[in-house]
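The residues making up each chain are set out below.
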Amino acid sequence: MPKVKLPRKSTAIDMTAMCDVAFLLLSFFILAAKFKPPENLTVNTPSSVSTKIAPDKDVVMLTIDKDGKVYFSVSDGNKTQKADIIDAVNTAKNLNLTAAEKAAFSKNPSAYIATPFSQLKSYLQKDPDQLKGVSLPGIPAKDSTDNEVVDWVRAAKDAFQGGHMNIIVRGDNASKYPAFQGIIMALKKNDEMKFQIVTNPVAVPKGTELYKQNVATGTKGASGG
Amino acid sequence: MAEMDTSGGGGHKKGPGVKKGKKLSTRVDLTPMVDLGFLLITFFIFTTTMSQPTAMRIFLPKDVDKPEEQNKVKASAVLTIMLGKADQIYYYEGDDPAKLQSTNFKGVRDVILDKKRRTDPKDFVVVLKPSADATYKNTVDILDEMSIDEVHRYAMVEISPYEYKLVTTTEQANGIK
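Protein chains in written order, with this note's numbering: chain A, 1 to 225; chain B, 226 to 402.
For the record, the hints were derived by calculation from the structure and aren't laboratory data.
Treat each hint with caution, since some may be false.
[Stated by the list, open to error] Computed footprint of chain B on chain A, listed as stretches where at least three residues anywhere in the stretch have a Cβ under 8 Å from a Cβ of chain B:
(1) 20-30
(2) 83-93
(3) 100-110
(4) 124-130
(5) 150-162
(6) 187-194
[Claimed, not checked] Pair by pair, the computed Cβ-Cβ distance ranges are:
(7) A:G218 - B:R378: 36 to 42 Å
(8) B:D321 - A:G77: 49 to 55 Å
(9) A:T42 - B:Y387: 36 to 42 Å
Glycine included, every Cβ here is placed at the ideal spot set by N, Cα and C.
Kindly generate the complete structure, drawing on both the sequences and the hints.
Here it is, written out as structure tokens:
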């Protein structure tokens, strides 16, 4: 046996520095992440091959839940427009809303309208916590004679005059066509011919026409429509 | 996870290796912590970029009541697709709804492409008629199908009562699905 042993060096690396870097990066990404606003209306949206991002500014959103009920909401950054909308509806329908009730809609970032005009006043008086779990009737939209979505869209159109308004429809997979048809009617009546539907992105199926076109034009994943 | 190395002989060669455990080592192995950190980083990287929902653009045609202003379509070049209950699709070519055929969402692509191949691209039009029993998902899927199959001229219109009756009788004949 050799008398001189090879000096054995430690193979343990001091991981403190690596840990610091890891947590710095982590903090950066946490702060950069924008959290979705709390969804009080959970909706399963269908999928589509479209890759255009849904806008999140100047948005007027019409949500259809799985029972076909229609809800109306406006994006968070448009408080003045929200106030204008609720004022316009108040005067047009003689609802006698107090300033507090109007503020319940215009100041609350996740507020949405879920009742016909007749119940609007009592709906706005309630706290959002009181409404959790309560089944709301939704805005009437299916009957062509009683389509209140028309009034809401008209109020929104006037409030956004001069600016650009993005109309977005966020529907649940299970809702039936009449609710969607009611919304389309309301938009046509207000001469709003362009709108967007929120979908989950999926890849273009291989071998289809659109896929071949994307490959030919070199735009992988970008849709033409 | 991180262990307090009290044996004093395990992970490090520096310092006295003690048999009786009088000198406690305070070295903590941080490797698992770093693994966790990187896992969380990758999670946040993926969720921030993927959290944007996408949107499908829809352009509605203007409703014109005067028949002479309506777009003239060649009846032979038209494929009419009707959406029924339970994700079923009924279609016919031309203007004779009595010759209904049925398919589902998997087969409709072949139907559309087949008709497209046989028709003059200038005249090819697809007319979509969702019935009251169709779901929103059916409607969006068929619109998506239009863009997947590169159908440039299509219209979504109301189903007529006659066609709806044909659809319901076909559904009953096939067993209420």
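Given coverage of the region 100-110 of chain A by chain B, checked by CB-CB distance under 8 Å (3 or more):
With 0 residues in contact (Cβ-Cβ under 8 Å with chain B), the coverage given for the region 100-110 of chain A is violated.
8 Å C-beta criterion, at least three residues: is the region 187-194 of chain A covered by chain B
Check passed, 4 qualifying residues.
Examine the region 150-162 of chain A for residues whose CB is less than 8 Å from any CB of chain B, and state whether their number is three or more.
Coverage by chain B is violated here, the residue count being 0 at a Cβ distance below 8 Å.
Could one say that the CB atoms of D321 (chain B) and G77 (chain A) fall in the range 49 to 55 Å?
Since D321 (chain B) and G77 (chain A) have Cβ atoms about 53 Å apart, the given range 49 to 55 Å holds.
Quick one: see if chain B covers the region 20-30 of chain A, three-plus residues with Cβ-Cβ under 8 Å.
holds (count 6)
Using a Cβ cutoff of 8 Å, are there at least 3 residues of the region 124-130 of chain A near chain B, or does the coverage claim fail?
violated (count 0)
Using a Cβ cutoff of 8 Å, are there at least 3 residues of the region 83-93 of chain A near chain B, or does the coverage claim fail?
Since three or more residues must qualify, the claim that chain B covers the region 83-93 of chain A is violated, with 0 doing so at under 8 Å.
Looking only at beta-carbon atoms, does the pair T42 (chain A), Y387 (chain B) fall within the given range of 36 to 42 Å?
Given range 36 to 42 Å: holds, Cβ gap about 39 Å.
Cβ-Cβ distance between G218 (chain A) and R378 (chain B): within 36 to 42 Å?
Violated, since G218 (chain A) and R378 (chain B) (Cβ atoms, about 26 Å apart) do not stay within the stated range.
The structure shown violates the earlier hints numbered 2, 3, 4, 5 and 7.
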